[in-house]
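Engineer: Chains as they are written, first to last, in this note's numbering: chain A, 1 to 71; chain B, 1 to 235.
The set of hints was computed from the structure by calculation and includes no laboratory data. A portion of the hints provided could be inaccurate.
Below, simulated DMTMM-like cross-link-like pairs (lysine to aspartate or glutamate); rule was C-alpha separation at most 25 Å, straight line [to be verified]:
| no. | chain 1 | residue 1 | chain 2 | residue 2 |
| --- | --- | --- | --- | --- |
| 1 | B | Lys-189 | A | Glu-47 |
| 2 | B | Lys-62 | A | Asp-41 |
| 3 | B | Lys-62 | A | Asp-17 |
| 4 | B | Lys-108 | B | Glu-159 |
| 5 | B | Lys-62 | A | Asp-16 |
| 6 | B | Lys-108 | B | Glu-205 |
In this text the structure is predicted, and so the values were computed from the model without any measurement.
The chain contents come next:
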Amino acid sequence: MLYTIIPLEVVLKGVDDDAEIKGREIITYQGVVMEATRQNDGKYRIERILSIDPMIYLDARFQPGNIITLI
Amino acid sequence: MSDNIIKQETPPQPPESINNKSVADMGDNGLTATRDSNIHCLTIIGQIEGHIVLPPQNKTTKYEHVIPQLVAVEESREVEGLLVVLNTVGGDVEAGLALAEMIATLSKPTVSLVLGGGHSIGVPLAVSTDYSFIVPSATMTIHPIRMSGMIIGVPQTYEYFNKMQDRILQFICDHSHITIGKLKEYMLKTGELANDIGTVLIGEEATRCGLIDEIGGVSKAIAKLKQLIDERKQV
Numbered sequence: 001m002l003y004t005i006i007p008l009e010v011v012l013k014g015v016d017d018d019a020e021i022k023g024r025e026i027i028t029y030q031g032v033v034m035e036a037t038r039q040n041d042g043k044y045r046i047e048r049i050l051s052i053d054p055m056i057y058l059d060a061r062f063q064p065g066n067i068i069t070l071i
Numbered sequence: 001m002s003d004n005i006i007k008q009e010t011p012p013q014p015p016e017s018i019n020n021k022s023v024a025d026m027g028d029n030g031l032t033a034t035r036d037s038n039i040h041c042l043t044i045i046g047q048i049e050g051h052i053v054l055p056p057q058n059k060t061t062k063y064e065h066v067i068p069q070l071v072a073v074e075e076s077r078e079v080e081g082l083l084v085v086l087n088t089v090g091g092d093v094e095a096g097l098a099l100a101e102m103i104a105t106l107s108k109p110t111v112s113l114v115l116g117g118g119h120s121i122g123v124p125l126a127v128s129t130d131y132s133f134i135v136p137s138a139t140m141t142i143h144p145i146r147m148s149g150m151i152i153g154v155p156q157t158y159e160y161f162n163k164m165q166d167r168i169l170q171f172i173c174d175h176s177h178i179t180i181g182k183l184k185e186y187m188l189k190t191g192e193l194a195n196d197i198g199t200v201l202i203g204e205e206a207t208r209c210g211l212i213d214e215i216g217g218v219s220k221a222i223a224k225l226k227q228l229i230d231e232r233k234q235v
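Can you build the whole structure from these sequences, using the hints too?
Structural biologist: Here it is in structure tokens:
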């Protein structure tokens with residue numbers, strides 16, 4: 001049950017379509033959980049940090065858009 | 001130690017600097033700063049995603065991410081307080097209430113700040129903290145739950161929706177200074193929203209009716225959180 005100001009048809013648009021894969025994965029990089037997109041070369045592009053530690057967001061290593069390599 | 005979080009002045013490095021500079025040039029900003037933070041910041045954005053995975057056009061905050069984080073805040077020795085920053089359009093009732101109950105029952109001090117919008121199920125989240133702030137330009141919409149999917153046209157359907165509505169309103173009343181009567185009045189008001197019933201509360205209006213404690217931005221919210229942390233230490 002949704003309680004939102006966004007019209008339900010907008011929120012649920014495409015919900016019945018075959019699961020469209022966004023290419024986003026939840027990964028852990030240097031101890032930080034983040035959402036990242038896998039690139040063709042196997043590296044990842046940071047999309048969004050999921051940590052609640054505000055100082056992580058100041059760390060240059062974890063800026064969205066950075067390309068990282070998982071070891 | 002506790003002053004560092006506000007005085008932290010090192011701007012975030014642009015991504016390209018990583019390629020040009022060695023790790024040593026960048027200093028130890030990140031790691032030192034991490035150790036200094038005794039406040040954690042939970043940002044609740046977009047839709048609150050619960051039992052149903054929402055299509056990708058939605059930006060979401062997922063309960064499976066947030067619930068363990070709240071457990072970690074409660075368990076952590078370093079984290080002394082939690083700032084909840086809201087800019088949400090609402091979302092799943094069960095997930096929203098679950099998060100709100102988690103925040104409300106944390107033993108550590110919590111402060112919320114409503115920026116932009118804290119609508120629908122964002123309202124219980126905003127009031128779940130020990131103290132709440134709203135910026136003057138932020139809005140909060142209080143409206144009835146809408147129906148989706150197959151609805152059976154029987155009185156029981158109405159009763160069920162009423163029950164779901166009441167559990168949300170009851171939580172809001174229990175954790176703020178607004179009365180249930182006033183809240184229901186806002187929810188059922190006509191003439192405020194274009195195609196719907198309900199009320200949009202803008203900044204100060206939300207504090208005047210007792211829903212939110214105070215008008216203020218990030219500095220006030222963090223100052224209040226530090227005050228609550230200090231008070232807790234003295235007990």
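Engineer: Does each hint fit the structure? Answer for all of them.
Structural biologist: Hint by hint, here is what the structure shows:
Between B:Lys-189 and A:Glu-47, the direct Cα distance comes to roughly 40 Å. Violation of the 25 Å bound is thereby established for this hinted pair. For the given pair, B:Lys-62 sits about 29 Å from A:Asp-41 by alpha-carbon distance, which is inconsistent with the 25 Å threshold. Among the hinted pairs, B:Lys-62 with A:Asp-17 is consistent with the structure: their alpha-carbon atoms are about 21 Å apart, no more than 25 Å. Among the hinted pairs, B:Lys-108 with B:Glu-159 is inconsistent with the structure: their alpha-carbon atoms are about 37 Å apart, more than 25 Å.
For the given pair, B:Lys-62 sits about 20 Å from A:Asp-16 by alpha-carbon distance, which is consistent with the 25 Å threshold. At roughly 28 Å between alpha-carbon atoms, B:Lys-108 and B:Glu-205 are farther apart than 25 Å, so this suggested pair is violated.
Figure legend: structure checked against the earlier numbered hints; hints not met, in rising order: 1, 2, 4, 6.
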